[in-house]
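Start from chain A and add chain B according to the hints.
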Amino acid sequence: MTKATNSTSKAGADTSSGSLRFYGVWLIGIVALIVLPMIFSSGGSLTSFSLIGIAIVFALSYNILLGQTGLLSFGHAVHYGLGGFAACHMMNAVVSHGWPIPLPFIPLFGGLGGLVFAVIIGWVMTKRAGTVFAMISLGIGELVASSSLILRSVFGGESGITTDRTALPKMFGWSFGPQLQVYYLIAFWLVLSAIAMYALTRTPLGRICNAVRDNPERVQFIGYDPHVVRYLAFCFAGFFAGVAGGLAAINFEIANSAYLGAIQSGFVLFSTFIGGTAYFFGPILGAILVTYLQLGLANLTSAWQLYFGIIFIGIVMFSPGGIAGLVMMHRPLVRAGTLWTVIPSYLVAVVPTLALACGVILSIETVARYSGGEPIDLFGIGFKPTSPVTWVAAVVLVIGGAFVARLSWRRIAEAWDRAATVARDRGYLA
Amino acid sequence: MSEAVTGMTAAIEVRAVEKRFGNVGIIRDLNLTVVKGERHAIIGPNGAGKSTTFNLISGHIKPTSGEVKLNGDVISGLRPFEINRRGLSRSFQVTNVFARMTVWENVRCAVLWATGQRYAFWKNVDSLPEVRERTAQILDDIHLTHRRDVPAGLLTYAEQRELEIGITIASGATVVMLDEPTAGMSHAETDRAVALIRRLTEGKTLVIVEHDMSVVFGLADRISVLVYGHIIASGTPEEIRRDPKVKEAYLGEEAH
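Sequence lines, in order, name chains A and B. Take numbering that gives the first Met the number 0: the final residue in the first sequence is number 429, and no numbers are missing along the way. Take numbering that gives the first Met the number 0: the final residue in the second sequence is number 255, and no numbers are missing along the way.
Isolated chain A, as found in the complex (with noise of 0.2 Å):
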């Protein structure tokens, strides 16, 4: 989908080329979104294009806080769902009242949504960074996410808000029934969203962000409030957040309390981080992957949620950038012309460490499925979790796999310092 070169270090570098590259990838992007559902037709995918571009400006938003300004917040989806809510009262009320609003206008109320409450808890919220603001967020989203089992006028209980899309008055003869015409809305409002917010980076509050990201201290020697500069943030998290909120009560048709809950602020930093931080177009790859692997896993496996921690796991530990840290790395190689160096390397690593992944997935398997006896296919072959076969494969495989990987990898690592070093001398640093 839309990708954006490197938010922070590419400041006054606007070459003609530089600046042509940057609006190809963009025009790339919005280009994908129209044809994508022309290659993709079926209904299942429709619906998981959909998902994944909501949950990509859900992580976009994320990313200004965690990202940009360096806050890490348990309760990003306390924003996200009474965006949803306002969004499915917003449209009740049009319907209700034969307001003159159509349908593809309904986003922006959702953002409202989201905004206004960032407005009136943000400034206590950003009163300080760190593990208190993180603290106070897991707070507000209990808070709101319980909340909304008790307001029932408000937020419909159990049983959520319900709405009918189709109701509202027709934009260009579109009902909005049609799931495609929904991913059309949607896929306007994630390309909006995404100017908006990369856009965000590039003005003098988006660096100060990232300033306050860096060293609050020193921001405030520079003339700087870095609890105004937070709490701008914030609210432009807010609304944003409310914005994919919005978009969800329009695809589902309902807002519940799931939207608000602590489950929904854990899948958007979970999408964040993996997807990477420190790029702008890091979250849309974390979006796409969290996503799509939460659609394909479930029906592969009733333990996919044991596979995203793994996943999360492994990637703080081995690759704190994420996907778009890990993808950006190879840059200065690439601009050496060293990166052909290291390929052999990762080619001999591929072996063993899909052995152990299979291993991992095969012990993971036959825990889960020792007692119920259902057969695993991995990659077509089949395994009894009963039969001490499958155990001894799954050892293995782990234990083999494990150090002829290790191995593996430390010739990476040393084909790597060797290809940045030359990378350096030649000075690409980045």
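Careful, some of the hints might be misleading.
[Claimed, not checked] Facing chain B, a subset of chain A residues (Cβ under 10 Å, in silico):
1) S16
2) R20
3) G23
4) L199
5) R201
6) P203
7) D213
8) N214
9) Q219
10) V227
11) V228
12) A277
13) A302
14) D424
15) L428
[Stated by the list, open to error] Below, a sample of chain A positions facing chain B; criterion: calculated Cβ distance under 10 Å:
16) A198
17) Y223
18) P225
19) A412
[Said to hold, decoys possible] Rough simulated footprint, nothing fancy, chain A against chain B, three-plus residues with beta-carbon under 8 Å:
20) 73 to 82
21) 138 to 144
I should point out that these hints are in silico values taken from the structure, not numbers from a laboratory. Just so you know, even glycine gets a beta-carbon here, dropped at the ideal spot from N, CA and C.
Relative to chain A, chain B alone:
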């Protein structure tokens, strides 16, 4: 010099300032006057409270009692960014830059408030001519133009110290306070840094904490000697050199 020390020409006036942490008085009855346009060095043995004095003046910590004035206005009790907006800027003893941002962006951030950008989220930061020109000028001044796209965290130590000075002067503050700007530098690097400081603070008021006595006596118009949170002497380098109290308390030790 004492005839120049009147309310009208003082850039910084510290009057009877006291700072206690619990029962421990770090700063006691501190009186200090820095005249507009002078280069004023604060020296003293380790633990005398030099950095605390800096923190008290720049608003990093609040005095327990007493008052600090900047250009005649009371600033004690104000937040650091409020004091900064009134034209006082400081550097830090431990390098304190924006590590993940490039050299260019470090300096540009320091230029933003002074050029009136405030918290603007409707302007493209790359297309503000005044910001760009001032940033380029500062980078040129601190000789880091060739390193403009390098993340500050990847600079050499001496370069980071120069960037630190660049960020400090970028706002165009009229009162500049530098906390041990040459600490940890080699002789050649120190000479470069002193020349840089001399050039960049031309026409401004400079307050400097420094351990290197050749730097202090070469650069300062006046020197204050701080011992145990109290100024024991203030005067020209000559006066300080001859002062018996200073000899006893500080220079005589030959500890530095």
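ask   = What are the numbers of the hints the structure violates, in ascending order?
value = Numbers 1, 2, 3, 13, 14, 19 and 21 - these are the hints that the structure violates, sorted from lowest upward.
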